[in-house]
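Asker: Once you've looked at the hints, dock chain B with the ligand against the given chain H.
Which chain is which? The protein sequence lines are H and B, in order. Position 145 (the first sequence) corresponds to 145 in the numbering used here; numbering is contiguous. Position 160 (the second sequence) corresponds to 160 in the numbering used here; numbering is contiguous.
Be aware that a few hints might be false.
List time: in silico SDA-like cross-link candidates among lysine to any residue, alpha-carbon distance up to 20 angstroms [to be verified]: (1) Lys216/B - Val45/H; (2) Lys330/B - Arg309/B; (3) Lys216/B - Gln241/H; (4) Lys412/B - Gln241/H; (5) Lys216/B - Pro42/H; (6) Lys216/B - Trp33/H; (7) Lys216/B - Asp64/H; (8) Lys412/B - Trp33/H.
Hints are computed from structural coordinates only; laboratory data are not their basis.
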Amino acid sequence: MKRQIKICHLYPEILNLYGDRGNVIALYRRCLWHGLAVHIQPVTVGEAVDFLDTDLVFIGGGQDREQAAIYRDLVEVKGPYLLAAAEQGMAILAVCGGFQLLGKYYRTQHGEIMKGVGLFDAWTEAGRGRLIGDVVLETDLWEEEPRTIVGFENHSGRTFLGEGVKQPLGRVLQGFGNDGASKMEGAVSGNAIGTYLHGSLLPKNPRLADYLIRCGLERRYGPEGSYLTTLNDELEYRAHQAAAQRAVARRC
Amino acid sequence: MLLKGAVRVRFWLALWLGKFLALACRILRKRGSTFPGRIMLRVAPNWLQGVASGPACGNVIVSGTNGKTTTASMMADIMRQAGLRVVHNQSGANLLSGLVTAFAAQLNLLGRMRADIGLLEVDEATVPKAAAELQPRALVVTNFFRDQLDRFGELEHVVACVRRGLPHISSLGRVVLNADDPWVASLGSDSPAQPLYYGIEADTLATMERHAADAKHCLQCGHPYTYRRLYYAHLGDYLCPSCGHGRPKPQVALKAMQRLDGQRQQLVIATPGGEIAFTLGIPGVYNIYNALAAIAGCLALGIDLTTIRDGLESFASCFGRMEEIMIEEKRLVLALVKNPVGFDEVIRTILASRQDGEEQGVLFAVNDLYADGEDISWLWDVDLEMLTPHQELLKGIFSTGLRREDMALRLKYAGFQPERIAVVDEFSAALGQALQVVPSGGTLYILPTYTAMLQIREILFRQGHVSQWQV
Ligand SMILES: [Zn+2]
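So that you can see chain H by itself, here it is in the shape it has in the complex (with noise of 0.2 angstroms):
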C-alpha cells in the first residue's frame, strides 16, 4: 500500500506573500514523485484542524494587516494544539510572518507585545529598515553535498534566538539573516523549522523539501517508514546554482 502524507497549509488565502505558495507546489509535486499518496488541506481562520493526523504543517508571511487577521486564530485558538502535535513530531515549515507568529513574542515599534505560539524559543523586534536581498546559508540539517541553502529576504523584524533553540536553519555566507548582525538565519526546533526565506525556497532547495518530508514521514510511520526515493534534481540544483551565482554577482 501506498504510504501518504498529510500536509496542512495555514492560511493560504491570507497568509501568501511572496509566492509562498511556491512551498506548498513543490512538497505536493516531490511527494507524489516520490511515489506518496498526498493530501493537502488548505485550513483558513475559524476552521478546525486535527493536528494529531497531520504529518507537516506550512505557514507562509503576510502584511501587517493579514498578520492581524490570523492572530487571534494562530495564537489562541489553534496554537495550543499546534504545540501539542510538535512535541510529538509534527514536522513545520513557517516563513517569515509565519516564523515570527511561531515564537515567544514580537515586540512592535511603539514598544507593544504580541505574544506568539512559543514553539521556537525566539522573539522578535520591529527595526528601522528592511533587510532585503539573496541570501546564501550553510546548514547542519544534512551532511550531504551541497549544504548550502539559497533564497530570499525581506523584513523588518529583527528575531533572536535563546537557550531553547539547539540550531538555526543555517549560517549566513551571504545576506542578514535573523537580526543583520549574528550571521544566523531561522532557527529548528524539533522537526519544526523557521526562516525568512520566502516565496521558491523548497524548489531550489530540494533536499530541505525531502527533509521535512522525510520528518512527516517519520511521525507517521517510524524512522523505518521515512525512506525515499532518489529524483532527477537536475534542474533544481542549476537553478539553485542560479541563485547562489546572481548573489555573490550582485554584491559585486
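Answerer: Same frame as chain H, now just chain B with the ligand:
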C-alpha cells in the same frame, strides 16, 4: 519660467547638456530612455519645476500598479485627436529621470515648449515629487497590486506614496480613481481635489475566479469584505458587512460589453455627459479598466465625448503590452510580464487564441535586475498550471534571461516535462531557436520581464524587425 539666480543657471545648463546627450544617444543608436534625464537631475535636481508651466494646457499624471502605460497611451491618442501636442514619457520610463528626459525632448535650445499638454506615466514612489513639481490638473490612479514588493515595501506604503501627491493637484483639478479597487478608492476620502470615480457595473463580466488576496479586508475595520460582484482580481463591488464601508458609486461606468472576436470588444459606457459606445481593439477586463481610466481622465480635462470615442477607436496597442511584430510569415507577440495578475492574463490570452487553432511557441525571458524586481518569488504566484494541459500542443517552450533556470523550474513544478523546456543562455540564441520551431502562420509568444523586454527589442531592432526605437 520663474527661476532665479543659480537655479536658473543650472536649469539652462541641464537643458543644453540633456539635449546634447539625447542627440549623442540617437547618433550612437544607444538605448537611452532615461540617461540624459539622470545627468540633468544631477545638475538641476528640481529641473521639472522649471518646465511645469510650459505646456499651456497643464500636466496630467497617471499612476498605479498595472495599466499605467496603456492608460496613458490611450489618453495620448485621445489628446492628439483633440488636436493637442503631447509630452508623453514613453516605454515605461516612469521615474523622475524619464519625465525629465521627455520634457527636455519637447523644449528647443531656447527653452520654448513645443507641446500643449504634459501626460506623464509616473511610478508610485515618484508621485509625491513629480506632483509637487508639476502641480498636475489631474491625477489618474489605475489600481494597486502587489508588484515588486522588494523595491517598495508593503502595499500600504505604495498607497501612502500616491496619497502624498494629492495635495499638489492644482486648484480645480481632479483626482480620477478606480472605484472598484478599495485601495484606490480610499484616496478619494482624503483628497483636497474632487474625486471622479470610474468602475464596472455590468453583471455579465462578474467572475468568481480568483480570490481577492490584495485587499480582502475592510480598510476601515479589518472585517473581510463581501463582494457583490468581482470583476478582476480584487476589483469589484465590495461592501464591508461590519462597518458599511463600500465602493463609491462610479460616475464613469461600463454598462455593457460584447465580445466581437478574440481581440475586439464593444463597450457601452455611462458618463456624467451621456453615454458612449465604441469598439476597443484590445482584449481583457484589464483593458476595459484602462479604457475607463483614460475616459475619466480625459473628461476631467474637459475633452468632449466624441473626441474621446474617436481617440479610443484609433488606439493601437502600445509599447510592450501585447505588441505584435511580423517576421516573415510568423507572428511575434511581445507581452510584458511583471506581476502574477498580468502574467495570468497573458496566459489566458494564449489559451484563447489556442482554441482558434493557432500554432504556438512560448519564450519566457525572466531577469531579476532592479527594474524587474530583484525578488522573483512572484513567479510562484502565477497560475502556470493553466498552461500545463496544453504543453504537448506547444511547438516549443523556451526559457532565457538571468533567471532562466528559476522559470524552467517553475514550469517543471507546474507539471511540465523538464525535457520539453529548452533553457537557453543568450537572448538572441533563444529568439532564433524559438522562431525556428514555430511554423509559418504560427505565433511566438514572448513573455519578458521589463529589462528582458528592452534586450529583446534591441535585438529585434538590430535585425531590422522593429522599425523605430524610441529613445
Ligand atoms: Zn469595515
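Asker: Is Lys216/B close enough to Pro42/H, meaning Cα to Cα at most 20 angstroms?
Answerer: At roughly 17 angstroms apart (the allowed maximum being 20 angstroms), Pro42/H and Lys216/B satisfy the hint.
Asker: Holds or violated: Lys216/B with Trp33/H, Cα cutoff 20 angstroms?
Answerer: 35 angstroms, violated
Asker: Between Lys216/B and Gln241/H, is the straight-line Cα distance small enough, at 20 angstroms or below?
Answerer: 37 angstroms, violated
Asker: Straight-line Cα separation of Lys216/B and Val45/H no greater than 20 angstroms?
Answerer: Between Lys216/B and Val45/H the Cα gap is close to 13 angstroms, so the pair holds against 20 angstroms.
Asker: So if I understand the rule, the pair passes when the alpha-carbon distance is 20 angstroms or less; does Lys412/B with Gln241/H pass?
Answerer: Roughly 17 angstroms separates the two Cα atoms, so the pair holds.
Asker: For a C-alpha distance cap of 20 angstroms, please report whether Lys216/B and Asp64/H respect it.
Answerer: It holds: about 13 angstroms lies between the C-alpha atoms, which stays within 20 angstroms.
Asker: Are the Cα positions of Lys412/B and Trp33/H separated by 20 angstroms at most?
Answerer: 12 angstroms, holds
Asker: For the pair we were handed, Lys330/B and Arg309/B, check the Cα-Cα distance against 20 angstroms.
Answerer: Distance ~32 angstroms between Lys330/B and Arg309/B Cα, so the pair is violated.
When each numbered hint is compared with the structure, violations occur for hints 2, 3 and 6.
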